[in-house]
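J.: Sequence:
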Amino acid sequence: MRVLVTGTAGFVGFHLARRLLADGHAVLGIDGLTPYYDVALKRARHDLLKAEPGFAECVAMLEDEGALAAACDGFAPEVIVHLAAQAGVRYSLEAPATYVSSNVVGSFNVMELARRHQVRHFLCASTSSAYGANEKMPFAEVDRADYPLTIYAATKKSMELMTHSYAHLWGVPTTAFRFFTVYGPWGRPDMALFKFAEAMLEDRPIDLFNGGDMVRDFTYVDDLVEAIVRLIPQSPRQGEPVGPAGVDSLSPIAPWRLVNIGGGAPVKLLDYVAAIERALGRRARVNRLPMQKGDVPATFADTRLLEALIDYKPSTPVTVGVKAFCDWYQAYRHQLAATAAR
Numbered sequence: 000m001r002v003l004v005t006g007t008a009g010f011v012g013f014h015l016a017r018r019l020l021a022d023g024h025a026v027l028g029i030d031g032l033t034p035y036y037d038v039a040l041k042r043a044r045h046d047l048l049k050a051e052p053g054f055a056e057c058v059a060m061l062e063d064e065g066a067l068a069a070a071c072d073g074f075a076p077e078v079i080v081h082l083a084a085q086a087g088v089r090y091s092l093e094a095p096a097t098y099v100s101s102n103v104v105g106s107f108n109v110m111e112l113a114r115r116h117q118v119r120h121f122l123c124a125s126t127s128s129a130y131g132a133n134e135k136m137p138f139a140e141v142d143r144a145d146y147p148l149t150i151y152a153a154t155k156k157s158m159e160l161m162t163h164s165y166a167h168l169w170g171v172p173t174t175a176f177r178f179f180t181v182y183g184p185w186g187r188p189d190m191a192l193f194k195f196a197e198a199m200l201e202d203r204p205i206d207l208f209n210g211g212d213m214v215r216d217f218t219y220v221d222d223l224v225e226a227i228v229r230l231i232p233q234s235p236r237q238g239e240p241v242g243p244a245g246v247d248s249l250s251p252i253a254p255w256r257l258v259n260i261g262g263g264a265p266v267k268l269l270d271y272v273a274a275i276e277r278a279l280g281r282r283a284r285v286n287r288l289p290m291q292k293g294d295v296p297a298t299f300a301d302t303r304l305l306e307a308l309i310d311y312k313p314s315t316p317v318t319v320g321v322k323a324f325c326d327w328y329q330a331y332r333h334q335l336a337a338t339a340a341r
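Take the sequence shown: its letter number 49 is residue 48 in numbering that gives the first Met the number 0, and every next letter is one higher.
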């Protein structure tokens with residue numbers, strides 16, 4: 000297939016593009032290479048992809064409708080996987096306008112590409128943060144999610160609603176998936192695992208909010224990519240729900256579905272830190288801090304719909320996934336140090 004992937008210099012987009020290329024698909028990767036975090040890391044990811052046959056790079060912002068259209072018209076995608084976004088819950092407290100620009104305006108431009116090319120399947124990444132203040136556990140796709148706690152979550156929920164409208168109006172088969180705390184090699188420097196490992200290797204304390212009394216449904220990136228790849232051929236069909244009654248989020252008026260991608264096995268943050276300590280062979284020094292604005296004490300994915308659709312759910316233990324990240328990260332640091340010493 001010809002697959003357009005947005006955000007290929009980002010964490011998840013890089014891993015997905017690499018998997019699609021390995022499976023023999025042609026990939027057009029669109030990324031703005033924004034400086035939200037180290038652009039050198041983003042370029043390193045794209046350099047690896049550019050070395051693979053079948054990959055074409057387009058450096059453009061999602062807000063640049065003309066550049067997106069020009070790249071897409073020459074590629075004629077059959078499937079679009081929209082992963083690019085302004086990420087980060089905490090940064091959305093500091094720079095909320097960037098989230099509206101990227102996640103709402105930018106996502107609309109990608110929706111227009113899907114409409115114009117009448118793709119077989121349009122898949123787009125949302126977030127477990129969209130569940131907001133929900134207290135019912137586990138989080139199910141059919142639960143109401145009307146109380147977002149941050150602009151990040153609100154913009155992602157807005158994207159979900161906009162894609163539903165396009166699925167209804169133009170018949171674009173669409174799956175929106177909500178990710179649950181993705182981690183793994185080549186991860187983002189603003190995420191906890193990267194921050195914790197970096198601080199521990201530099202003998203700096205790590206910050207644990209809510210005193211470390213947090214629970215997260217951690218999802219290893221390879222498991223996430225496997226789920227997305229399996230979902231690509233599962234385009235929603237209006238009137239054809241799957242799974243047990245009351246589980247499918249399939250729209251009654253559009254070929255549109257919302258799917259959780261998580262393991263459904265929450266882990267205590269302190270156990271996650273312990274896994275990092277074992278992987279690095281170092282003890283963490285800890286700053287215990289109050290809960291931050293916009294944060295939630297727990298996330299927990301209901302995976303029944305995911306399993307009904309693809310007979311699969313993420314299952315890599317955090318001990319395995321954290322070690323894979325730590326091994327990659329230490330090698331990456333050595334590589335950076337060697338390059339700087341030249």
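To be clear, the hints were calculated from the coordinates, so they are not data collected in a lab. Predicted model, so just to flag it, every value in this text is computed and none were measured. It is possible that some hints are incorrect.
[Unchecked claim] Calculated pairs, DSS-like style, for lysine-lysine (alpha carbon to alpha carbon, straight line, at most 25 Å): (1) 194 x 322; (2) 135 x 312; (3) 312 x 322; (4) 49 x 135; (5) 135 x 194; (6) 267 x 194; (7) 292 x 267; (8) 194 x 292; (9) 312 x 267; (10) 322 x 135.
[Claimed, not checked] Quick list of simulated restraints, FRET-style, between CB atoms: (11) 63 x 322: 31 to 41 Å; (12) 221 x 169: 27 to 37 Å; (13) 340 x 62: 34 to 44 Å; (14) 341 x 143: 36 to 46 Å.
C-beta atoms are modelled at their ideal positions from N, C-alpha and C, and glycine is treated no differently.
J.: Has the given pair, residue 312 with residue 322, been kept, meaning a C-alpha gap of at most 25 Å?
T.: holds, 20 Å
J.: Does the Cβ pair residue 340, residue 62 satisfy 34 to 44 Å?
T.: At 39 Å between Cβs, range holds.
J.: Would the hint linking residue 135 and residue 312 be met if the CA-CA limit is 25 Å?
T.: holds, 21 Å
J.: Are residue 63 and residue 322 spaced within 31 to 41 Å by their CB atoms?
T.: holds, 40 Å
J.: Need the status of pair residue 194, residue 322: alpha-carbon distance at most 25 Å?
T.: holds, 15 Å
J.: Between the alpha carbons of residue 194 and residue 292, is the straight-line distance 25 Å or under?
T.: Holds - the C-alpha atoms of residue 292 and residue 194 are around 19 Å apart, at most 25 Å.
J.: Straight-line Cα separation of residue 312 and residue 267 no greater than 25 Å?
T.: holds, 20 Å
J.: Does residue 292 pair with residue 267 here, judged by a C-alpha cut-off of 25 Å?
T.: With Cα atoms ~20 Å apart, residue 292 and residue 267 stay inside 25 Å; holds.
J.: Sort out whether residue 135 lies within 25 Å of residue 322, counting only the CA atoms.
T.: violated, 32 Å
J.: Would you check the hint for residue 267 and residue 194, treating anything up to 25 Å between C-alpha atoms as holding?
T.: Cα-Cα ~17 Å, so holds.
J.: Confirm or reject the claim that residue 341 and residue 143 have a C-beta distance inside 36 to 46 Å.
T.: violated, 56 Å
J.: Checking one constraint from the list: CA of residue 135 to CA of residue 194, max 25 Å. Satisfied?
T.: Roughly 30 Å separates the two Cα atoms, so the pair is violated.
In this structure, the hints that do not hold are numbers 4, 5, 10 and 14, in rising order.
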